[in-house]
Structure formats: C-alpha cells, structure tokens
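Student: Protein chains in written order, with the working numbering: chain A, 66 to 156; chain B, 28 to 359.
Quick caveat, the hints were computed from the structure, so don't treat them as lab data. Be aware that a few hints might be false.
[Unchecked claim] Only some residues are given here: those of chain B computed to face chain A with a beta carbon under 8 angstroms:
1. Ala62
2. Leu66
3. Ala77
4. Val197
5. Leu199
6. Thr206
7. Arg207
8. Ala208
[Unchecked claim] Stretch by stretch, here's where chain B covers chain A in the computed footprint (C-beta under 8 angstroms, at least three residues):
9. 115–127
10. 130–144
This one's a predicted model, so the numbers in the text were calculated from it and none came from an experiment. In this text, a Cβ means the ideal position worked out from N, Cα and C, and glycines have one as well.
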Amino acid sequence: MTGSNAAVWHVRLHLGVVVAGCASGHVLLLPIDGDRPRRSLQDGAAATAHAGSVTCMAVDARHHVVYTGGADRTVKVRVSGALCCPTRLHA
Amino acid sequence: MLTRRARLAPCPAPRQAWSLPAGTLLFTLAEHRAALTSLYVHSDLGVLVAGTADGTVRVFPTVPADASAAPLCRWTLHGHVHAISAIIVAAPDLAHERGKADDALADAGEAPADDHAAGQARRRGPVAATTTVGGIAAGLSTAAGPLRLLTASQDGQIRAWDVSEHASGVCLATLAYHTRAVTTLAYDPASNTLASAALDERVALWDLSTYGRLYRRYTPGSSTLTLRDSVLVVGRMGGFAPSGVSGGAGSSSSWDADFTAGAGGWADAAAGLSLVDVRTRTVLRRLVPLQGAGRGGTETLQHLAFSDNCLVVGMGDAMTLLRLSRSRAVRR
Numbered sequence: 066m067t068g069s070n071a072a073v074w075h076v077r078l079h080l081g082v083v084v085a086g087c088a089s090g091h092v093l094l095l096p097i098d099g100d101r102p103r104r105s106l107q108d109g110a111a112a113t114a115h116a117g118s119v120t121c122m123a124v125d126a127r128h129h130v131v132y133t134g135g136a137d138r139t140v141k142v143r144v145s146g147a148l149c150c151p152t153r154l155h156a
Numbered sequence: 028m029l030t031r032r033a034r035l036a037p038c039p040a041p042r043q044a045w046s047l048p049a050g051t052l053l054f055t056l057a058e059h060r061a062a063l064t065s066l067y068v069h070s071d072l073g074v075l076v077a078g079t080a081d082g083t084v085r086v087f088p089t090v091p092a093d094a095s096a097a098p099l100c101r102w103t104l105h106g107h108v109h110a111i112s113a114i115i116v117a118a119p120d121l122a123h124e125r126g127k128a129d130d131a132l133a134d135a136g137e138a139p140a141d142d143h144a145a146g147q148a149r150r151r152g153p154v155a156a157t158t159t160v161g162g163i164a165a166g167l168s169t170a171a172g173p174l175r176l177l178t179a180s181q182d183g184q185i186r187a188w189d190v191s192e193h194a195s196g197v198c199l200a201t202l203a204y205h206t207r208a209v210t211t212l213a214y215d216p217a218s219n220t221l222a223s224a225a226l227d228e229r230v231a232l233w234d235l236s237t238y239g240r241l242y243r244r245y246t247p248g249s250s251t252l253t254l255r256d257s258v259l260v261v262g263r264m265g266g267f268a269p270s271g272v273s274g275g276a277g278s279s280s281s282w283d284a285d286f287t288a289g290a291g292g293w294a295d296a297a298a299g300l301s302l303v304d305v306r307t308r309t310v311l312r313r314l315v316p317l318q319g320a321g322r323g324g325t326e327t328l329q330h331l332a333f334s335d336n337c338l339v340v341g342m343g344d345a346m347t348l349l350r351l352s353r354s355r356a357v358r359r
C-alpha cells in the first residue's frame, strides 16, 4: 500500500475501502481490489489533509461519511465513497 | 469528483453507482481549541462525538454525504481535565432490535418494514419509539433510562452524560477506579453494563443503573475488550504466546478452547482471550491460538469487536471470526 510517506496511525475498513490516517496529516482512502488494498486512485486527499497528524477517526457507515480528527484542532468531514461490492469491479 | 467507468457484475442489492470521490471534503469543524484525541460515531442515532486534548467533549449531529451545511455543535461538555481517550454512547443495539422486530413481524405474517423510522415506530420492547430530528435521535427512551454518553480520559476518570433530546448535557455520574488512561470502553445493552480497560492493567465492569462497579480485575499488560449479550471478551494487547496443545472444539482450526467454565477468576488467563459471563462474573471460556496453525511465534492482538454473532479478532496481519454461543465457540 502506498500513498503516504509517513506512518499510518489509524485505519478503518468501510464498504471495501481502507481509510488510513497518517502522521503527516494525510487521509487516504484505498479501495480494496479483491482482498488487497491498492494504491489510492486519487492523490487529491492530500489537498484536504490535516495540517497536523491525524489523531483519531470515525466512520458513519449509514451515510458513508468519514470523520477525521487532527492535531490541528479540526475535524474534517468527508465522503468515504459510495463503493459497493468492490471485489466485483473490473477496471 | 472523479468518476471511474467500470463493469459491474451482478451484485446483491443495494447497488450503488461506482463513484470514487476519494475523500471529497464536505466540511471542516474548527471550533475545537485543542488537538482532537478521540472521535465516535453512532450511525443509528446520528451522533458524532469529538473529544480533545483539553478534556472537552463536543456532540454534533451526523450529516449525510449530500449535506449542504456543516453540523452545529449540540453540546459542549466540560468536566474532564485531561485528554479524552475513549468515547461510547450507551444506546440500545438498534440493529439487533430491528432484527428481532422483523423476526416478530415475520412470525406474525407481516412483511418487515423497509423504512427505518417506520420500523422503529412499530417496535415494541426496550426501544419505545425513535424519530430523528436534525440527525440526533429524539424522544429516545430505553428501559435503562436516558440516552447516555460515556467518556473517559487519560487520568482514568469515566463520566456519564445525559444526551437525551431535551437534556442539557448534564454529567450524571463520575466513575472513578482507574489510575491511568482508559483505553477502551464497551457497552452491553442486554445487561446495561459498561466495561472499561485502562493502562493501569485493570479491567472493570460498571452497572449503569446505579453507576456502581460490579467487578474489577488485574490483567497484566494493557488489554482491549468488547462486550455483547452479557459476555465480556478481554484480550491482552500486544504479544502472547500461542498454545502448543491441540484438541478441543477447535482442534482443526487455529483456535483451541480451554474449558474453564466455573473456574474462579481469570487473571491468569492473560495469554489469550477470556470470555466472562457478566452476570455471574465467571469465565465461560479461554481461547488461545494454537501453535503451528498457519502462524508462529508471538501473536499480536490489536482489535476485538462483535459483528452480528461473531467475534472479530484482529491479530498480527490477519483477522479471525469466531462464532460464539454460550455453550461453545467455533471458528468460522
């Protein structure tokens, strides 16, 4: 799994997506291809990352929303992606 | 928004469009005055709880993915003086209740309600009726009393807050026992019991009817735990050595069952998972991984959670599902 040069501190699995929070403040959403995570399809997450480390994380499974808390004293609210049955996807 | 064309094979409903916003930022909640240390979401109740390094807890409604406005802080709770380390809402297991209600309807020859709110309104039992206003459940009443938020801090203190719809977020009780940071909280609606594990190497059980401590136990090393249907599962974080003994109900799997039902205490069960009956406080079973069953050396327990009727055990780079019943535990 790539996409961050910093330690991954927090990980959640939601609807076939690995949500990873990094010490660098990046939040990566990595779709699972089969049974393995693959590189994020978009590096745009870096543009909306925390200014400090990602310190905590929670996923609203009903609304497909990911909440991340950072050392920068903010909570970022982001869509986790409406992924369904990712193992049946073929690019 | 980045979209991706893909071929979709037949897939169980509900199917959703393949869309990969990959983290489209909706909002930034910036009213906090210290670093965030803990976040908790209860999807069914629509509650987001944020804890910060200065001990402040803020409660927000959750928002749908297409929300146009950022959620407004509903309550700011002051009381803790150290960083918030764990958060949980003591709420009934709505999914479980929903399943029971649907089963009852099926038995009565009625189709289960598809709509969540309608299903809730038709329900009988511990949950009287639930509607959702602004994302936060309103009018929620349980057999156990008001909707409570449990927060723990790095000084070992646990506080219970009333976060019912018309409550003011008052602190109902302070549970003092741990002397170091509480790492895990778990709540069991069936027994109205709270379990806590802390860095002081102790695990405690609390009766949320009286806020009294039911049970305490020294468990060497830091522990993680989970709680469901009056069964407390405690596992030691970090490494523990697999058993070299085979046999028992799970002899063909990577798990062995050590029958210790009725045995007094479970402090000596640190080298594995202990299943404890909350009502009798006796060990139902102890589970340790077998050596050589696809694993070797020291295992590293990282995560425990209940999912449906299974216990999810995250250990090393693998995850194991254990189907649990009161009489036996069989690996899936």
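Student: Please go over all the hints and tell whether each is borne out by the structure.
Tutor: To see whether the hints hold, each was checked on the structure:
1. Ala62: OK, holds: Ala62/B within 8 angstroms of chain A, min 4 angstroms.
2. Leu66: 4 angstroms, holds
3. Ala77: 6 angstroms, holds
4. Val197: Since chain A brings no Cβ nearer than about 24 angstroms to Val197/B, farther than 8 angstroms, the hint is violated.
5. Leu199: Since chain A brings no Cβ nearer than about 23 angstroms to Leu199/B, farther than 8 angstroms, the hint is violated.
6. Thr206: Given a least distance of 23 angstroms, the restraint on Thr206/B is violated.
7. Arg207: With a closest approach of 19 angstroms, the Arg207/B hint is violated.
8. Ala208: 14 angstroms, violated
9. 115–127: holds (count 9)
10. 130–144: Holds, because 15 residues of the region 130–144 of chain A bring their Cβ atoms closer than 8 angstroms to Cβ atoms of chain B.
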